[in-house]
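Asker: Chains as they are written, first to last, in the numbering used here: chain A, 861 to 1135; chain B, 24 to 298.
Among the clues, some could well be false.
Stated by the list, open to error - Below are the DSS-like pairs computed for lysine-lysine, each with C-alpha atoms no more than 30 Å apart in a straight line:
1. A/Lys875 with B/Lys284
2. B/Lys160 with B/Lys223
3. B/Lys39 with A/Lys906
4. A/Lys924 with A/Lys875
5. A/Lys1035 with A/Lys924
6. B/Lys210 with B/Lys228
7. B/Lys228 with A/Lys875
8. A/Lys924 with A/Lys906
9. B/Lys228 with B/Lys175
10. B/Lys89 with B/Lys228
11. B/Lys39 with A/Lys1035
12. B/Lys160 with B/Lys89
13. B/Lys287 with A/Lys867
14. B/Lys171 with B/Lys223
15. B/Lys171 with B/Lys160
16. B/Lys287 with A/Lys918
17. B/Lys284 with A/Lys867
18. B/Lys210 with B/Lys223
19. A/Lys918 with B/Lys284
20. B/Lys284 with B/Lys228
21. B/Lys171 with B/Lys210
22. A/Lys918 with A/Lys875
23. B/Lys210 with B/Lys85
24. A/Lys906 with A/Lys918
25. B/Lys160 with B/Lys210
26. B/Lys67 with B/Lys39
27. B/Lys287 with A/Lys906
28. B/Lys171 with B/Lys85
29. B/Lys228 with A/Lys867
30. B/Lys89 with B/Lys67
Claimed, not checked - So these bits of chain A aren't anywhere near chain B, every CB distance computed over 10 Å:
31. Lys875
32. Asn939
33. Ala961
Claimed, not checked - Computed beta-carbon distance windows for the label pairs:
34. B/Val65 with A/Gln1062: 44 to 52 Å
35. B/Glu137 with A/Glu1055: 48 to 56 Å
36. A/Thr1003 with B/Met99: 45 to 53 Å
37. A/Asn994 with B/Ala157: 23 to 31 Å
38. B/Ala165 with A/Trp1014: 29 to 37 Å
39. A/Glu1055 with B/Ser288: 22 to 30 Å
40. B/Met99 with A/Ala1130: 20 to 28 Å
Hints listed in this document are in silico derivations from the structure and should not be mistaken for laboratory results. The beta carbon of each residue, even a glycine, is placed where N, CA and C say it ideally should be.
One letter stands for each residue in the lines below.
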Amino acid sequence: MTNSTEKAPEQITTKIWREEAEPDNPFAAAASYCAGFDVYGDLLGKISFIEYLWLLFKLDPPSKEQARMLESLAVALANPGPRDHSVRGAMNAGVGGSTRASALIAAISIGAGNLGGAREVFTAMQYWQQCGTNLDCWVEIITNPPQNERADVWAEMEHTPGFDPNGASCPTPVKQLLDHLAAIEHSESLVWLQEQRQALEQHAESPLAFSGVAAATLFALGFEPEQAEILFLLLRLPGAAAHALEQEKMGWSRYPFFNDGLTLTDDPGAGNSND
Amino acid sequence: MTEKNTNSPTGPERLKAFEDNWKTAMGAWFPGERVVLRGKDVFKELNDYSWVEYLYYAITGKHSPKTARLIEGLWMLSTSYPDPRLWNNRVVALAATARTTGALAVAAGIAVSEATIYGLKPIKGAIDFLYRAAYQKENGIAIETIIKEELKASRSVSGYGRPLVNGDERIAPVLNFLTEQGAHDGKFIRLAFEIDHYLKNSRYKYMINIAALNAAVAADSGLSADEYYYMTSLAFTGGMFPCYIDARTQPEGLFFPLSVKRIKSISSNSREWIE
C-alpha cells in the first residue's frame, strides 16, 4: 500500500492513441488521435470502418487493394450462419433470454477454438510464417505437425489447421472467396494457395476451410498470428449478434433442444442405484 | 492428427452418424424425474456430497472427501485474494464501476484468469512440470539437469518465481493447513521443495510460489494435469465477488479513473488522412 506524492503517476504507454484534454475536464478528451490522425476532427466522414480497423492494428493507412482485401474477408466472415458452432452459442444465449453480452461471449469463447476458430487461424498463420510458399515444407509440417512439449491450456490440434476434418470436397464458398481475394492484388500466398490447394488437401486428407483462407489472407496482408487470431474473433461477431437477437424473439420452443438426441449409456435407472 | 489413424467414418459420414445422436456416460436430466451424473442418481446417491466433492466427482469420476477438502482449503487460502488491483479482479471491479452484471463481470474475470504471468497457465504448467520432473528423476536424471533443461526450453520454471515480489506469503499458511490434514509430506511436495532448494540457491534466485505447492498437492492426490486445470478454473471467484460488490456499491465510474495525462503516447506526429 505504498502511496508517495513524490512519484510520477503510472501511465498507459501506447503507440495507438493520443489525447488532448478538455480545458474544463482533465478526464475528458477534446481531441483523440489514432496513429497521428485526428479521429473526430479529420477521420470521421473520410475513413471507412475497414480502413479504421486496419489503422488501429497497423498504425498506417492501407492501400486501396489492402482495404478491399480486408473488407472482402470481413464480409465473408461476418456471418458463419446459424449452423456454425459459435453462432449456435450466441443463439443459445438468445433463446434462453440471457444477456446480449453473454451471446457475444458465447460466440467468442466457442469461436476461439482449434476447430474452425481463431486458434486454428493462429496456428495456420504460424505454418505460413514457417513455410510461406514452399510446398515441401507444407507437406512436412502437415505430415509431422509440431507437438506441444509442455502442457498448455489449449488442446493439441487434431487436424491440419486451415482444413476441415469433417469436410468432403472444398466447399464452393471457400473457393469463391479464395478466387475473389486472389484476384484483388494477386498476392503471392493467395495465388500459390489457389494453385496448390488440391495438393495440400491431399496431404491434409481434408478440404481447405474458411479458416485456411483467412489465415492465408491475413498473412498476405502482413498481420502477425496474434493479430490474425483476434481479428478473426472480431470479424465473425456480426452474424452471431444478429442470429442471437432473432432467436431471442423466436423463443426456446422454436429452437432445437435435441430432446430425443441424447442416449445415456451409464444409467442407474429410476428408483435404483447401480452400486 | 487423429483423423488419419482411424478406420471410422470420415468427413460428412461421421457428422451424419452423430446427427441427433449424442451417446454419453457423463450424465443427463430426465425432465420432471431425476438427474444422473457419471452413473449415479444425483438426488439419491450424491445428495450428501459437499459442492466441492460434487465438482471433483463431476471432473474425475471419483469420490474423495479428503481430496475435496484439500482442494477447498487450497482455494480458500491461496487463490481468492480480494484485491481489485490484481489483473483478473480488476476486470471484475471495472465491470462493476461500469455497472455491468455480476455474472458478466465474473465470467470475464474467470476468462482473464487463464493468464501467462499468473493464474491457469502457470497452474497447469506447474503440475505438468512436476510430473515430468518426477519421471525424469525416477530415470536417474539429476534435479540440476532437469531444471536447466526446463529453463533452456521455457526460459522459466512453472511454479517458481513471481511477478512483483519473489517470496510467496501463501506457502507457510498452506503448509500449516496441509500439516493439519496430514498431507504435507507427499512425494510431489518433497520434489517441489527439492526444486525450490536448487533454484533459490542458483543464480536465478527463483523461489517456490503457491502454484508449485498446490500442484504438488494435486499430484500427490493423483489428479491429472487436465483434471487439476478444470478444478482450478473456478478457484479465483471467491476474490472476485468482493471486488465487484465494492465497486458496485461505490458511486459509478470512480474505480481508479484515468485522466488524459495518464496516457503516455509514443505515436506518430499529427498527420492528415488523404482519401
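Asker: Would you check the hint for A/Lys918 and B/Lys284, treating anything up to 30 Å between C-alpha atoms as holding?
Answerer: holds (24 Å)
Asker: Please verify whether A/Lys924 and A/Lys906 have alpha carbons no more than 30 Å apart.
Answerer: holds (14 Å)
Asker: Tell me if the straight-line CA distance from A/Lys1035 to A/Lys924 falls inside 30 Å.
Answerer: holds (23 Å)
Asker: Do the alpha carbons of B/Lys171 and B/Lys85 lie within 30 Å of each other, as the hint requires?
Answerer: Violated, at about 36 Å.
Asker: Quick one, are B/Lys210 and B/Lys85 close enough, alpha carbons at most 30 Å?
Answerer: Distance ~21 Å between B/Lys210 and B/Lys85 Cα, so the pair holds.
Asker: Is B/Lys228 close enough to A/Lys875, meaning Cα to Cα at most 30 Å?
Answerer: violated (34 Å)
Asker: With the threshold set at 30 Å, check whether the alpha-carbon distance from B/Lys160 to B/Lys89 stays at or below it.
Answerer: Distance ~28 Å between B/Lys160 and B/Lys89 Cα, so the pair holds.
Asker: For the hint 48 to 56 Å, verify it against the beta carbon of B/Glu137 and that of A/Glu1055.
Answerer: violated (39 Å)
Asker: Decide if the proposed pair is consistent with the structure: B/Lys89 and B/Lys228, CA atoms, cutoff 30 Å inclusive.
Answerer: violated (34 Å)
Asker: Taking the minimum C-beta separation from A/Asn939 to chain B, is that value above 10 Å?
Answerer: holds (21 Å)
Asker: Given the hinted pair B/Lys284 and A/Lys867, is their Cα-Cα distance within 30 Å?
Answerer: holds (15 Å)
Asker: Is 45 to 53 Å right for how far apart the beta carbons of A/Thr1003 and B/Met99 are?
Answerer: holds (49 Å)
Hint check: violations occur at hints 3, 7, 10, 20, 26, 28, 31, 33, 35, 37, 39 and 40; the rest are consistent with the structure.
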